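Enquirer: Chain by chain, the residues run as shown.
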Amino acid sequence: MAVTVGQQTPLVVLDEGDRIVGVGPGAESRFGPLLGEIVWDCYPGSEALFKPHYDAARTSGEQVEFAQFYDGNVVRVRAVPGTGGRLELYWQRLGRLDTLTLESLLETLEESLEMLAVESSAAERAGARRALRLVEGGGR
Amino acid sequence: MSTEALDVQRRAASYAYVVLDEQDRIVHVSTALHSELGHWAGHVLWDHLPGARDVYGPCFAEARTSGGAAEATVFYAGRLKRITAIPGADGLAVHFEELVELDLTSLASLTRSLEAIEDVLAAREHAQPDPRARAFPRALP
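Chains as they are written, first to last, in this note's numbering: chain C, 1 to 140; chain F, 1 to 141.
By construction, these hints were calculated from the structure, which means they are not laboratory data.
Keep in mind that this is a model prediction, so the values were computed, not measured.
Accuracy of the hints is not assured; some may be wrong.
[Unchecked claim] Here are the computed distance ranges between Cβ atoms for each label pair:
| # | chain 1 | residue 1 | chain 2 | residue 2 | range |
| --- | --- | --- | --- | --- | --- |
| 1 | F | Gly42 | C | Asp98 | 25 to 31 Å |
| 2 | F | Gly42 | C | Glu111 | 36 to 42 Å |
| 3 | C | Leu35 | F | Glu22 | 51 to 57 Å |
| 4 | F | Arg79 | C | Glu62 | 38 to 44 Å |
| 5 | F | His43 | C | Glu62 | 51 to 57 Å |
Backbone N, C-alpha and C define an ideal beta-carbon position, used for all residues, glycine too.
Generate the whole structure from the sequences, applying the supplied hints.
Expert: Here's what the structure looks like:
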């Protein structure tokens, strides 16, 4: 299911070096303290997941929208290139894994994989699904 | 089981443990868990762990019913743990050993975590035919 990120104001703005140089009005509490930081330093493991999309937006000069799984969340991001390599990021959380019990994990992971079905790497989804089946099968 | 044997088991098990009274109220928290659970002393365990009764409860009940140690491998709050419940005169000592923690960073890391869980379960099944070791299915839907 494709979802369009509809915010009017960007969540954050990055400069050409992926440093956070702007924060939207609804995101000050989360991102305000990170102003001036390189975004990848603040979110370990996120660079490989997001940077290729950001680079694509900068290179093409066209906005890019994609869904991604990170830190237990499924998010949809719209990256809009500006002048001088700046990038406006609009962000929407679509879902979150519930890891309280195995039952809730299996249910929310399946939902997350469905949300990612449109654009995420088929190999990654297949890997997670296979592992999911292993764990389910291992308990029976 | 003799008191001496219980003491041996308690020493051999991990030092991360709590002692529960018959109502599952926490009456003692080991030093290793003090920063995490110390403020729950005097509280009923289930009041702080939503949904945990169905996961941990059967192991506790088995230990109390049999009068001997009961062990289970369970998944709760993003972690696969081995719990050992040992009944004694002062309550039920429950030892926790963390086996695998889910890494939610990416789908790839999550997949590796799930595979690690499967490896632990497979190794346990291979090494320990004791039927109590098959307690994990209780945590499954």
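Enquirer: Each hint: holds or not?
Expert: Going through the hints against the structure:
1. F:Gly42 <-> C:Asp98: 25 to 31 Å: Given a distance of about 29 Å, which is inside 25 to 31 Å, the answer is holds.
2. F:Gly42 <-> C:Glu111: 36 to 42 Å: This hint holds: roughly 38 Å between Cβ atoms.
3. C:Leu35 <-> F:Glu22: 51 to 57 Å: Since the Cβ atoms of Leu35 (chain C) and Glu22 (chain F) sit about 55 Å apart, the hinted range of 51 to 57 Å holds.
4. F:Arg79 <-> C:Glu62: 38 to 44 Å: 43 Å, holds
5. F:His43 <-> C:Glu62: 51 to 57 Å: Distance hint for His43 (chain F), Glu62 (chain C) holds at roughly 56 Å.
Consistency with the previously given hints is maintained throughout, with no hint failing.
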